[in-house]
Amino acid sequence: MASRLMDPRTTAIVTVIVACLTIVVILLTVIVLGLLRSHGEMLRAFNELGVTFGNDTTDAHSGARGTTTTIPDPQRKSVPHAKDLVVARAGDNTVFDISGTTPKGGALAVGLTGRNERTLLCFLTSGCATCRNFWDAFANDAALPRSVDRLVIVTKSNDEESPAALNNLAPRDHAVVMSSQAWDDYGVPASPYFVLVDGATGSIDGEGAATTWTQVGSLLSRAEADVEAENERRIDSELRKAGIQPNDPTLYPTDAES
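At position 118 of the sequence shown (counting the first as 1) the number is 117 in numbering that gives the first Met the number 0, and the numbers step up by one without a gap.
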């Protein structure tokens with residue numbers, strides 16, 4: 000039996016529907032590709048900063064490590080690049096003492112002001128891939144930079160961290176205090192993050208992010224040199240106001256002739 004031919008009007012309607020569906024599919028494809036590209040660029044940007052949001056995951060079969068990302072708090076500061084570590088802080092210079100618990104559950108209070116020493120606060124998590132560089136360095140007795148007298152590791156409280164995991168990571172020579180309040184007090188945007196506190200003056204000398212302990216040391220040394228240079232400029236300015244010019248003989252007294 001001969002096939003019945005489709006009505007011309009019906010054929011036109013079907014053609015229009017197919018064309019519309021094709022256009023919709025093309026538009027959806029373009030949108031998805033754009034989202035994937037944007038997501039990839041964001042991940043690359045965070046990776047260049049050496050910052051990880053969320054917890055690490057490990058493939059049980061391949062051993063490959065991955066990262067679960069979360070949306071950062073929009074009220075937090077933007078994450079500084081590692082090269083900006085320990086620069087002069089332009090905002091609130093308030094120093095907060097830290098109270099929390101140890102990974103073993105004991106209470107721990109860390110005083111920062113009124114001490115003739117400089118403390119480097121190291122904000123880490125147990126799951127951050129970049130943080131593992133620092134946990135390993137501290138476990139291997141990494142030396143402190145000469146501008147730092149002591150190191151204090153600060154993690155989130157036990158409702159946001161794993162005390163058992165921290166017990167396995169905590170170095171024997173540096174205090175580890177679990178305190179989410181400290182992260183809020185110092186406005187820590189992500190981990191790893193560092194805050195250099197001068198106890199004698201009760202001020203923050205600098206803060207920022209870094210990816211390795213070696214990098215922290217070199218940047219701290221550079222920051223210290225910058226501070227010394229600034230002090231020399233300040234002293235020169237005060238001497239000029241007093242009418243004493245650079246290389247003035249009065250600055251270099253000699254012993255009286257015998």
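Calculated directly from the structure, the hints in this document are not laboratory data.
Please note that the accuracy of each hint is not assured.
What follows is a list of derived Cβ distance ranges for each label pair [as the list claims (entries may be wrong)]: (1) G110 with V29: 25 to 31 Å; (2) D135 with T28: 23 to 29 Å; (3) L34 with N115: 51 to 57 Å; (4) N115 with G33: 52 to 58 Å.
All C-beta atoms, glycine included, are put in the ideal place defined by N, C-alpha and C.
Between N115 and G33, does the beta-carbon spacing fit 52 to 58 Å?
holds (57 Å)
Between the beta carbons of L34 and N115, is the distance compatible with 51 to 57 Å?
Given range 51 to 57 Å: holds, Cβ gap about 54 Å.
So the hint says 25 to 31 Å: do the beta-carbon atoms of G110 and V29 match that?
Violated, since G110 and V29 (Cβ atoms, about 58 Å apart) do not stay within the stated range.
Evaluate the given range 23 to 29 Å for the C-beta pair formed by D135 and T28.
violated (44 Å)
Of the hints listed earlier, those the structure fails to meet are numbers 1 and 2, in rising order.
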